Amino acid sequence: MPDLKESALLSVENLQVHFRTPDGVNRAVDGVSFSIQSGETLAIVGESGCGKSVTSMSILRLLPEPPARLAGAIRFEGRDLLSLPEREMRRIRGNAISVIFQEPMTSLNPVLSVGRQIGETLRLHQGLSRKDAEERAVEMLALVGIPEPRRRVREYPHQLSGGMRQRVMIAIALACSPKLLIADEPTTALDVTIQAQILDLMRDLKRRVGAAIMLITHDLGVVAEVADRVVVMYAGRKVEEAAVRDLFRTPRHPYTRGLMGAVPRLGAAERPGAPQRLAEIPGMVPSLKTRIDGCVFAGRCPSVTDLCRSHAPALEPKAPGHLAACHYAPKDALAA
Amino acid sequence: MSQPLLAVNDLRKHFLLGGGLLGRGARSLKAVDGVSFTLEKGETLSLVGESGCGKSTVARSLMRLFPPTSGQVVLGGQRIDDLSAGALRPLRRRIQMVFQDPFSSLNPRMRVRDILAEPIRNFGLARNRADLDGRLAALMERVGLPREALSRFPHEFSGGQRQRIGIARALAAEPDLIICDEAVSALDVSVKAQIVNLLQDLQRELDLALLFISHDLAIVEHMTHRVAVMYLGKIVEIGPRRAIFLAPKHPYTQALLSAVPVPEPDAGRTRIVLRGDVPSPINPPSGCRFHTRCPHAFARCRTEEPQLDKVGGDHFAACHLDGAAMPAQAA
Amino acid sequence: MSAAHPLAPEVPAGLAVAQPLPDLYPPRKAYGRIHRTWRRHPTIMIGGAILVIVALMAILAPYLWTVDPTAISTSRRTRVPSAQYWFGTDMLGRDVYSRVVYGARVSLLVGFAVALLASLAGLAIGLVSGMVRWADGIIMRIVDGLMSIPPILLAIALMALTRGSIENVILAITVAEIPRVARLVRGVVLSLREQPYVEAAVTTGTRMPMIIWRHILPNTLAPMTVQATYICASAMIAESILSFIGAGVPPSTPSWGNIMAEGRALWQVKFYIILFPAIFLSLTVLAVNLVGDGLRDALDPRMAKDA
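Chains as they are written, first to last, in full-length UniProt numbering: chain A, 1 to 336; chain B, 1 to 331; chain C, 1 to 307.
If we strip away everything but chain A, and leave its shape as in the complex, we get (with noise of 0.2 Å):
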């Protein structure tokens, strides 16, 4: 694998983050490194608890330390955001990294409209005059697909769907033309129907805007539809790295075989040999509050040995770009 580390945009080394709790450290993140290149859509997967929005707080440093505390390094273009000041920080967020939640209606504010929330952080970050910054708005909305912007532009959260909310949290994360958008469960709030308007729409502006996107979420359909590349996270580790199309062909970590056995794909029931059952992982997650030398994922892999109890994998490349932690991870001749 070419070491893509001097140029990525965003590169996470061995991020560690862990909070004191009243009964025990919680190590919710535990040596994670990924990279993120210039425009490229790296989705980073897992069920509740697995610390991808933990990974993604990080990236913001939005954490409040204590009672969290966080060692490794987070790389932006070069400079590491965990050792810059609050002041630099803030020139940063929502600027050059911006976000989308999972919840539109408490991230906006209730009581500026929507032209004064985009408008908010041009004249922040950009300087740009009231009039301009509500010209500026104006486009926005329509670059997300907001019909009558001009209108649009004066209303409340309130006044607005749901769907048309997300819209516009996509407008003001895009406002300043980021180099880094960080979506965090952007859709998982959504309908169906309104959750194929959205995931359009990002992959419209992917191409458009050029931004590169850190997606976070649980559902494997998403992740499909908009991603380049896919970290899959459990317990706090990253077990499984690798482009989406070699992820879902050939998973090689046996946590992310078990999550594609777990979900039914629509259309798959009529087909012959469809199965009856879905795949289960038995058990559940393990408890971070107690370290775990072994692999995390040993109480409940169907090919446990005990060695993997006692000594945790190391992420090794499986294939070309294909990163896995495990001990009996079927390993291409390719790789080195």
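Take the hints with a grain of salt, since some may be wrong.
Residues on chain A that point at chain B, a partial pick, calculated with CB under 8 Å [to be verified]:
no., residue
1, 161
2, 188
3, 191
4, 199
5, 204
6, 205
7, 314
A few chain B residues that don't get close to chain A, going by computed Cβ distances all over 12 Å [as the list claims (entries may be wrong)]:
no., residue
8, 34
9, 60
10, 66
11, 73
12, 76
13, 133
14, 189
15, 194
16, 197
17, 224
18, 241
19, 280
20, 303
21, 306
Since the hints were derived computationally from the structure, they do not count as laboratory data. The structure displayed is predicted, hence computed values, not measured ones. Where a beta carbon is used, it is the ideal one built from N, C-alpha and C, also for glycine.
Given chain A, work out where chains B and C should sit, using these hints.
What follows is chains B and C alone, placed relative to chain A:
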């Protein structure tokens, strides 16, 4: 023809919204507006649709968590919608419900034993204490929880385990029908599969009827026999799984199915992306309720409301496009 | 890491093992139970400790080097604090220390009695209001009416109708506090009624009285307990105010309020007569509020989920 287990006939539930003084100008939210279906013993019928389509209101009306505005609910030949609360109580045993949120559906201050014993005691199902204990143990085994868990409190369990307790509570009443209101939606993928499998096993073993309410079409396709698609308080299409998923007739069903993201890159499907949002059920569109978003709408759709017409064996759709003119699926 | 697993299998050649990662927080020592409670709920522990001390003081008053708190002596009026009269003496020559110690009895009795009575009455009214729709309108209008009168004025008005005694003080403050509890309970009941577990109880055939007893009532107790502590604190202050203006317990019974009332005339020259009861009143009220805040955090289900 034999009696269906459950027959729902023209069910309506309108919620009055606070209007002016003395109820003048009060508007109503037509959450469910004329829904009819039947359910046989041992069968799964899924109600699908987007938020606000009225699928949960149907469930709550059937459970009589609030009285329906009009319509009939017939359980095993007996009308239950007009019974008094006292007369209904013994019949409640036959329909049970599994709720969406595994956290708020269990009383945090009751032990699992007391949660499960409540329906058994209420319906007088256990002959004596030993019988009760036996039933509790059997229920725990049936839903795959250790017997020792009976003495624990809900907060000691994970989401998936809590949902198992919720299912055990429903089973404790020995029902004929279980209504699952988004029962797996709040669960993580790997746990969701466990619960879906559990529900399927229970249905087979106990010959249960399931009314499975969900917005997750892939799960629905996996486990259902028949599907009813709802839009703004009405069923727009109802039929066997095969017909609905392979040859949907209603444009809304087609759009809904095409909108589901499939976990296969390069699946190469064409997607019907609907314009706009679901209109408000307080003031639904005239004629066909879907016409504001329908890609095939024409003049008649705006004025005349289509009825559910037979489009195949046991397959009904409410659309003015006649069978021949109807677009092939995912046109 | 292999050190932690003496029996761990040898790693076969060619398998890569992940580098162990450091702990960012030092590993926690195993604390004892008291230590753990202290770390989690320091306010409950501090407040509770002060309350225990004040309560012991009230119970053991005769044994705490006190003299008769009502004994008048013209020969030792208005003495400054000294080894003999720790807090000095008042205008009538009574020992302020003894009066303050005995005064704790009145404050604690009034505080806890009002908290208990007002909670029980408010709970009953709130439950009826929350569960019975037709009664709700009537009850809530009466409660609104009562709440438009400041509680202390209501208590003063009630005391004006009767003679001063501890029982009457308790009753007057209780009546003034009931509306607030009733309103809180009603709000809690209304939100509990919507909880899926209450709906589940309905669908499993539970009768209404049993639903209230088993599903609603136990879940109102947590917010009730927190509210009761605040009522306790405000009742102690109300008692002092009533006694201070002469509408409270009879002057023959020492209470922090009437000790301060009696010291009022001399406060510029003999400030300590007011100072000591004031310190005890403030400390006790602070302690009760600390316990209340701690309980609120401890009983909050959102906090419980993380724990």
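Here is how each hint holds up against the structure:
no.	hint	verdict
1	161	4 Å, holds
2	188	11 Å, violated
3	191	4 Å, holds
4	199	7 Å, holds
5	204	11 Å, violated
6	205	15 Å, violated
7	314	24 Å, violated
8	34	22 Å, holds
9	60	20 Å, holds
10	66	24 Å, holds
11	73	28 Å, holds
12	76	29 Å, holds
13	133	27 Å, holds
14	189	5 Å, violated
15	194	5 Å, violated
16	197	5 Å, violated
17	224	9 Å, violated
18	241	7 Å, violated
19	280	10 Å, violated
20	303	25 Å, holds
21	306	20 Å, holds
When the structure is compared with the earlier hints, violations turn up for hints 2, 5, 6, 7, 14, 15, 16, 17, 18, 19 and for no others.
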